[in-house]
Each structure stands twice: as C-alpha cells, then as structure tokens.
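Use these hints to put chain V onto chain C, whose structure you have.
Protein chains in written order, with our numbering: chain C, 107 to 469; chain V, 107 to 469.
Hints are supplied without guarantee of correctness; some may be wrong.
A pair counts as met if it fits within one copy or between any two copies, since identical chains are not told apart.
[Unchecked claim] Calculated lysine-lysine pairs in the DSSO-like style (CA-CA distance at most 30 Å, straight line):
id : residue 1 : residue 2
1  : LYS420    : LYS214
2  : LYS241    : LYS420
3  : LYS223    : LYS324
4  : LYS214    : LYS400
5  : LYS364    : LYS150
6  : LYS419    : LYS150
7  : LYS211    : LYS336
8  : LYS150    : LYS211
Hint data in this document are derived by calculation from the structure and do not stem from the laboratory.
Bear in mind that the values here come from a model prediction, so they are computed numbers and not experimental data.
2 protein chains.
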Amino acid sequence: MARIHNFNPGPAALPLPVLERAAREMIEHAGSGMSIMEHSHRGKVYEAVHNEAIALTKELLGVGNDYDVLFLQGGASLQFAMVPMSFIPDGGSADYILTGGWSEKAHKEAQRVGRGKARVAASTGKDGVYTRIPKQSELNLDPGAAYVHITSNNTLFGTQWHSFPDTGGVPLVADMSSDFMWRPFDVSRFGQIYAGAQKNIGPSGLAVVLVRKTLVEKARADVPNILSYKIHAKENSLYNTPNTFGIYMARNVLAYTKELGGLAEIERRNRAKAGALYAAIDADPDFFRAPVEKESRSTMNVVFRLPSEELEKKFLADATARGLVGLKGHRSTGGIRVSLYNAVTLESTQAVIAFMHEFRTQA
Amino acid sequence: MARIHNFNPGPAALPLPVLERAAREMIEHAGSGMSIMEHSHRGKVYEAVHNEAIALTKELLGVGNDYDVLFLQGGASLQFAMVPMSFIPDGGSADYILTGGWSEKAHKEAQRVGRGKARVAASTGKDGVYTRIPKQSELNLDPGAAYVHITSNNTLFGTQWHSFPDTGGVPLVADMSSDFMWRPFDVSRFGQIYAGAQKNIGPSGLAVVLVRKTLVEKARADVPNILSYKIHAKENSLYNTPNTFGIYMARNVLAYTKELGGLAEIERRNRAKAGALYAAIDADPDFFRAPVEKESRSTMNVVFRLPSEELEKKFLADATARGLVGLKGHRSTGGIRVSLYNAVTLESTQAVIAFMHEFRTQA
Chain C
107 MARIHNFNPG
117 PAALPLPVLE
127 RAAREMIEHA
137 GSGMSIMEHS
147 HRGKVYEAVH
157 NEAIALTKEL
167 LGVGNDYDVL
177 FLQGGASLQF
187 AMVPMSFIPD
197 GGSADYILTG
207 GWSEKAHKEA
217 QRVGRGKARV
227 AASTGKDGVY
237 TRIPKQSELN
247 LDPGAAYVHI
257 TSNNTLFGTQ
267 WHSFPDTGGV
277 PLVADMSSDF
287 MWRPFDVSRF
297 GQIYAGAQKN
307 IGPSGLAVVL
317 VRKTLVEKAR
327 ADVPNILSYK
337 IHAKENSLYN
347 TPNTFGIYMA
357 RNVLAYTKEL
367 GGLAEIERRN
377 RAKAGALYAA
387 IDADPDFFRA
397 PVEKESRSTM
407 NVVFRLPSEE
417 LEKKFLADAT
427 ARGLVGLKGH
437 RSTGGIRVSL
447 YNAVTLESTQ
457 AVIAFMHEFR
467 TQA
Chain V
107 MARIHNFNPG
117 PAALPLPVLE
127 RAAREMIEHA
137 GSGMSIMEHS
147 HRGKVYEAVH
157 NEAIALTKEL
167 LGVGNDYDVL
177 FLQGGASLQF
187 AMVPMSFIPD
197 GGSADYILTG
207 GWSEKAHKEA
217 QRVGRGKARV
227 AASTGKDGVY
237 TRIPKQSELN
247 LDPGAAYVHI
257 TSNNTLFGTQ
267 WHSFPDTGGV
277 PLVADMSSDF
287 MWRPFDVSRF
297 GQIYAGAQKN
307 IGPSGLAVVL
317 VRKTLVEKAR
327 ADVPNILSYK
337 IHAKENSLYN
347 TPNTFGIYMA
357 RNVLAYTKEL
367 GGLAEIERRN
377 RAKAGALYAA
387 IDADPDFFRA
397 PVEKESRSTM
407 NVVFRLPSEE
417 LEKKFLADAT
427 ARGLVGLKGH
437 RSTGGIRVSL
447 YNAVTLESTQ
457 AVIAFMHEFR
467 TQA
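Okay, chain C solo, but in the shape it has when bound (with noise of 0.2 Å):
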C-alpha cells in the first residue's frame, strides 16, 4: 500500500501508527470479542478510552481541574451556536473579532442565535480578504462584553495569534479547530476552547471544548438539553451517546503525542516544518509570494502565490502527479496551501520544498 504526502486542509493527514493500531483493533478491540464501535458507551471498555482521552488532554495541556474537557458532536459550526446561547445575556453583548472567514461565521452565527448583540471588537478584514492578526491597540473592546470571541488561527488565509489578547477580566473564548495542541500554551489565559478534532487530534465528527467551570455555572439554563455545556459537563460527555469511534482515534493520537514527547517536542517539529518551508518562500521572492504579514504567519496553513494563475494551476497539477495532495489554497484566496498539521512529517514538507526547487527551475 503506498500513501502518499497529504496536505489537505481538514480533514487532514493523520498519523501513520494511529491508523495502523486503528487497522489492528477494528475487528476486535483490547481482548474484549469485539469492535470500540460496537462496545456500550456506559460500559468499562469504553468508558476506559473516553477517560484516557480526556486525561490525555488534561496532561498534555497542562489543565487541572477548574477545567471541564468535552467530547461533543457537531464539530466548531455547533459551538458557533452553543457559545453564544449559553453566554450571551438577554440585552447583553459579546466581542468578536474577526480575522478570517471562520470568524466571520462565528459572528454570523452568534448573530442569528437571537441573545442579545454580536459585536466586532476589531477586523482586519479588506472586501473579505485577511492578511494580519491585529495588534492590541487596535482591539475595541467592551468591558461589559459577555466574552471575547477569537479564531486562534485562520485555515483559509494563513495568519494565526502568535500572543493572545489582553481582554481585562472578560472571558476570553478561542475556536483553536486549526491549531489546537500544536504547542504548549497557558489554558487559564482562556474561559474557553473549542476545536473540531479533523486537524490535529482526530477524525471529524468530534470537537473538543475545554472551559472553565465557573463559566459553566454561569451558563444560561434556558437552552435544550442537548445544548447544555452543563448538562454535558455532569454527565461527562456521555449525556447522549457519544461519537466513540472518533473519540477512540482522538485517544489513539494523544497517546501517540505524548509517546512522541508531548507538545513541546510537537512544537519544536512544527516550527522546523514551518520554518524550512517559509524560508524556501522567503529565499526566492520573485517567484513565491507570501501575502500575509510576517508577524502574522501560521505555522499551520502556510499559504502563497505563483507569479501567475496559469502557474499555480501547473503547480497544482504537476504536485499531484507527483503525489503532493491537498495543495490547493481555498476559494476565497486562490494560489497554493501547504497545511502543516501536527501529523504531517518534516520528510512531506521537504518533498514540497523540493518539487518547489524543481518547479522554479522549470518555469
């Protein structure tokens, strides 16, 4: 079986050993006569997986117990919804700010859900395009905010939130779906964060939400049951049943994180895949442009353009001949993506770097 170098955007690469465990235990799961997909979710086996993978996460971060860890349904899109139904107050309002198309559908959403206001607190956008994070001094925030909204990194433009926001005692709740634990970082600096797990922790069908418990007490009551950040913090994710296969696989790839030396060996491995790939950009600015601000570059979605559109496509095209997949830069941008997700290896962004060598030689 050959696999090949994949950067797709989400759902992405995952790591090679998590599939191969997958492959091994599909047919009967840990000795116990049967698949993870067809154990209970109230039952020990099960029950085992969906504790390490929370625990997992707990260590992994850093995170003691004024956090809940969630294991939800729905991806990001359901959280757009859920924060700010359990947040928002009647006549209230909460901050967003907008770096990206995500974060534009995280207001939109906040918006439509009908609590109180949605207001952008700052925008770097120019007729939908984004090219920087925004600098503190340009942040209108309001103290008054039921919480700061923000995309910790944006998948379609590139840019990522390399120090995060000062926003006073206002909750601070982050959308990290593109790059949740791809390092270390400080959890309390956040009421909450959410991710869908199909970048760097799993399949999709999953999200991840990690939030302070004194913001859930202060959660509205007046919301379904199945929108309940509390209710699902009581029952330990397990108030409906959950998705235990893409729990199982995120359980399989924190496992295979903190094997690997945890976050800051995975830190140290993203920024020499980003580093190698935006000093190959950086070395031959004639040919590859990269159309976001310095500072502001992801070290997840490293996005750039060719000197014209009939390269990129030659780019795109001769790419996959040559089994580099998922290079193509979203819509709303056009030009070249590489996504560097936590499972794709240093080996794959030096196979890119070199068929861009031998590409630029070409051309």
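For chain V alone, coordinates are given in the frame of chain C:
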C-alpha cells in the same frame, strides 16, 4: 482473534464483513494513498462515498426525490431539539405519543425549546413503565398540530409500532433510531424520520434524517444555521464537516445490506431471530416471563424476566462467562434484554436460546 456474541442495545454489533473492510481500507482507501478519514469532505473521493450512502438509503427504502436524506451529527438527541425548533410555529403545538423513555425525552426537549406547546396525545406509561403501543382509538390527536411524534421502537421496554398511526393530514415524525432499516416500510406515510446510526446502520456520532421536501420548505427560518434543515438539505449535508468516517461505515453497512438481498431479506432474518427467541420464552412461561403485551412485542429488543432477581443476576454472569454479552436490561426495567439488531446473526440468537434452555435445566 475471537469475536463474541454481542447483544448490546446500542452502540451495537456491526456486520463482521463491514469491519473487515474498514480494517483493510484503513491505511489506504481505494488506491487514494490515504485513509478515508484523511480525505477532504469536499474532495471527489469522499464525495463519492457520501453520495453513495445517500443513494443506497433511498434505494433500500424505495424513496424518491420528494425526500431529502441528510447525514447529521448529534444523534437522535439533537433531532429532539431540531424538530420542534424547526416546525412548531409560535403559539402552535405538536403532538407527542409517549411509549417509553426515549419518547419522554423527545417530548421534554420539545417543551424546553420554547416554541409553542408540546402536547401529549397519548401515553401508555404507568409510573414510568411502558408495556405496550397504544391503539388508534386511544390517540387524542389535535388536527391543528404541527406534527405527530412517535418512537417507532422502544429500546428500553421492548415494544414496537407494527402498524403506524393514522394522523390525518398532520405530518407524522418518527424517531426510528432502534428499528430503522429492519424491514421495508412505506416512507411516504412520514413527514420526517430520524435515526441514530448506532443500532442498525453504523457507528455512533451520526444521525440519518429523511424529511419530505415540502416540509423542509415550511421549516422556520429563525434557527441557528447549524440547526437548519433547509441549509443542510441545500448543502447536501456538507454545510459543515460531517462525520466522514461514520458516513463511510454507514455506506459499507448499507452496501452489505443490499448485497444480502435488501430489506425484504433483512426482515426475513429479523423475524426468524425474534420468532425463535419469543417461542423459547413462551414455551416456558413458568420460568421466562415477557412483561410486554404480545401485539406490541419488538423484533429488535426482546425483554424478559426470570422468577427472581437473584436468578437474573446469575443468568447474566453465566452468560458473560459463555461469551454472550450485552444482555442486561435497562436500569428502568431490570431483567434481561436481548437486542437483535440487523447485524446480530441467527447463530448468535441460537446461542442465547441454547444457553436459556441450559440455564433453565440447571436452575
């Protein structure tokens, strides 16, 4: 590797050939150089799987283009909220027929959602215990209701609707989580059907929804985008990243179902399994007691009691030691429950019957 007899109530047994296929394709899906989990949900490889899952659902059930088939996250529990949020008008109401714990949950969530009223049109419960399906004459239906909601099979109590209620012109909505696809049936009787996948068609973390297009058109617009049937239908269940692996597994189960001969053959097998088990119970009424009214008996979940709780405890322990697992009744009913979903074989059913005879002889 040893596979055991799995009678779990859900997540439940999956067909062995389907698990074998998943193991085989885990590292590389269909010559694409990556797992199905690593494919973009907007790429051709995944989209073929997605659309085949939808087409197979329609084909197996004989459904035409007047219904949308959606694959959503959040299981049946999210449908408990989405149905009333979408369809009960301000000041209007919907009718709920209560036949077990899950229909109670659906009804309570409809009340919490805060759109109009959720009326109880019938209930066969006494002190939270349900032993039968109501007759048509017992239904106190409101001709002005937005819809009538039923739970077609009651996993906890082992009862099942064998013929569906006549609701006049009012759309019938059914939670079919635990008996979807167990036999052919006339979908055109229903405005909407929804089912968590984890009993008959796949792993947990996935719900299949069939909804009449004319009903979708009438859905309320004032819901969050992520809870909008209109948006999910328009986007072919790709508005947000779906549970791609779950849908892949459902596709495989549905393809296998077709290979076996479709739903007529599945019904024949299910009737043979349930028939044999109920016959074993009825043959020995002094020892085995089915608490459920005969005409309401479920073909999916066969519930019975032994003469004492001590014997039930011993029965369950001895069964587990013999590789017969998942037989414990729900905590609200006690006793024994044998779930005979589609993937449970006649051989497994015969194994449990043989064990019952043996246990009876020794007791």
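Going down the list of hints, with the structure as the test:
For a Cα distance limit of 30 Å, the shortest separation of LYS420 from LYS214 qualifies neither inside one copy, at 36 Å, nor across copies, at 57 Å. Taking the shortest Cα distances, LYS241 and LYS420 never come within 30 Å of each other, neither inside one copy (37 Å) nor across copies (68 Å). In the homo-oligomer, the alpha carbons of LYS223 and LYS324 lie at most 30 Å apart both inside one protomer (18 Å) and across protomers (27 Å), since each shortest distance falls under that limit. Taking the closest pair of Cα atoms, LYS214 and LYS400 come within 30 Å of each other only inside a single copy of the chain (28 Å); across copies the shortest separation is 53 Å, beyond that limit.
For a Cα distance limit of 30 Å, the shortest separation of LYS364 from LYS150 inside one copy, 24 Å, qualifies, whereas the shortest one across copies, 34 Å, does not. Proximity of LYS419 and LYS150 under a CA criterion of 30 Å is satisfied inter-copy only: 18 Å between copies versus 52 Å inside one chain copy. In this assembly of identical chains, the alpha carbons of LYS211 and LYS336 lie at most 30 Å apart whether taken from the same copy (25 Å) or from different copies (17 Å). For the identical chains of this complex, LYS150 and LYS211 are inter-copy neighbours only, at 25 Å across copies versus 39 Å inside a copy, given an alpha-carbon limit of 30 Å.
Checked against the numbered hints listed earlier, the structure breaks hints 1, 2; every other hint is satisfied.
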